[in-house]
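Spelled out from the first residue to the last, the chains are:
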Amino acid sequence: GAGVSQSPSNKVTEKGKDVELRCDPISGHTALYWYRQSLGQGLEFLIYFQGNSAPDKSGLPSDRFSAERTGGSVSTLTIQRTQQEDSAVYLCASSLARDDEQYFGPGTRLTVT
Amino acid sequence: QKEVEQDPGPLSVPEGAIVSLNCTYSNSAFQYFMWYRQYSRKGPELLMYTYSSGNKEDGRFTAQVDKSSKYISLFIRDSQPSDSATYLCAMSYKAAGNKLTFGGGTRVLVKP
Numbered sequence: 001g002a003g004v005s006q007s008p009s010n011k012v013t014e015k016g017k018d019v020e021l022r023c024d025p026i027s028g029h030t031a032l033y034w035y036r037q038s039l040g041q042g043l044e045f046l047i048y049f050q051g052n053s054a055p056d057k058s059g060l061p062s063d064r065f066s067a068e069r070t071g072g073s074v075s076t077l078t079i080q081r082t083q084q085e086d087s088a089v090y091l092c093a094s095s096l097a098r099d100d101e102q103y104f105g106p107g108t109r110l111t112v113t
Numbered sequence: 001q002k003e004v005e006q007d008p009g010p011l012s013v014p015e016g017a018i019v020s021l022n023c024t025y026s027n028s029a030f031q032y033f034m035w036y037r038q039y040s041r042k043g044p045e046l047l048m049y050t051y052s053s054g055n056k057e058d059g060r061f062t063a064q065v066d067k068s069s070k071y072i073s074l075f076i077r078d079s080q081p082s083d084s085a086t087y088l089c090a091m092s093y094k095a096a097g098n099k100l101t102f103g104g105g106t107r108v109l110v111k112p
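Chains as they are written, first to last, in the working numbering: chain W, 1 to 113; chain L, 1 to 112.
Only chain L is shown next, with the shape it has when bound in the complex (with noise of 0.2 Å):
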């Protein structure tokens, strides 16, 4: 079992909608996550970077870290067809030298 898992996809939701994506991971001793955006061909953009459980918002993105369950979520508000790319998690912890491990990534496509 991978240490990190994510829904593979492909997410369909029309413009507009708020996309859901999600990661589940087993170990605790992860203490950084993030989420990044990749487009097809090109290297992954970071998005969010989050260190402690709660909720942090940038414009129309939520992420959300509930370490209690060892569940990460990313919200994107009135999705844009320029939003369809793969989102990848990744987290980290310092005494690994902070080197990240990440989800396979989500699939989501916004049709106009």
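This is chain W alone, in the form it adopts within the complex (with noise of 0.2 Å):
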């Protein structure tokens, strides 16, 4: 079946501006994770939905960045004022449950000029 799907796949955007992730994740997943993967730092954990609970944003880095999941699907992942630090390749994952694997989409990749 179709897998986690990210978009776009690349985003170029200059320092100041406000960016829009957007994650597809598989259907009937009930768990959806957003995360940071950068040179530097690795792959960080950002934000976490599940179901209907409150969203855990405990690794979101600034108030800058927000994140909402509509319907219980699709999410996006919102950065404002981006600085040059956000530059990274943001990636969505998904789980049937939040105990099951994740899996996880292809990426999009953020370059702030």
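No lab work stands behind these hints: they were computed from the structure.
Hints are supplied without guarantee of correctness; some may be wrong.
[To be verified] So, partial list: chain L residues that the calculated Cβ filter (under 7 Å) puts toward chain W:
#1 44
#2 49
#3 70
#4 97
#5 102
Just so you know, even glycine gets a beta-carbon here, dropped at the ideal spot from N, CA and C.
Once you've looked at the hints, go ahead and assemble the two chains, each given alone in its own frame, into the complex.
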């Protein structure tokens, strides 16, 4: 079946602009995670949604980062007033339930110039 | 010090050799252990998922977990050039919502 999809695959933006990154999880998966992968920091957790529960935002690096998940399916990660240090690959993963295996999408490569 | 440590490599082996990868961790709360493979400019692909000490085998892959030593391993038998990739270990536990903590990844190169 279809895996996790993300769009856009690449995004180049100017410092100070806002960006929106989209994630479509595997159909039926109730848990959705956002991670960031950068050269210096490796792969780091950002935020997690499980069903209708309040999201776990403990990994968000600043209040410029936010995410929402509409209708328990698609999720959007928003970065406001982008900075050069935000340049990274943003990865989305989903799992059938909270304690199940996580399957990753291909990522969105964000470059802030 | 990072919660999960992984040798960055690169690890270069001839085709057909056994690839041996490992990670150490400091947080005894970790319950679930995973290995992901990541090709350049692609998302991580789940290879192995275990939650108990001992061995788990799947085809050419064997995952080992030793919770007493806080040490996990992945072995790849009969390695192929297509196994050339970065291998990431990851761990999680229920109380943390199963969010993954990753090692830094080991680059593996299998030479024909």
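Hints, one by one, checked against the model:
no., hint, result
1, 44, "holds (5 Å)"
2, 49, "holds (5 Å)"
3, 70, "violated (19 Å)"
4, 97, "holds (5 Å)"
5, 102, "holds (4 Å)"
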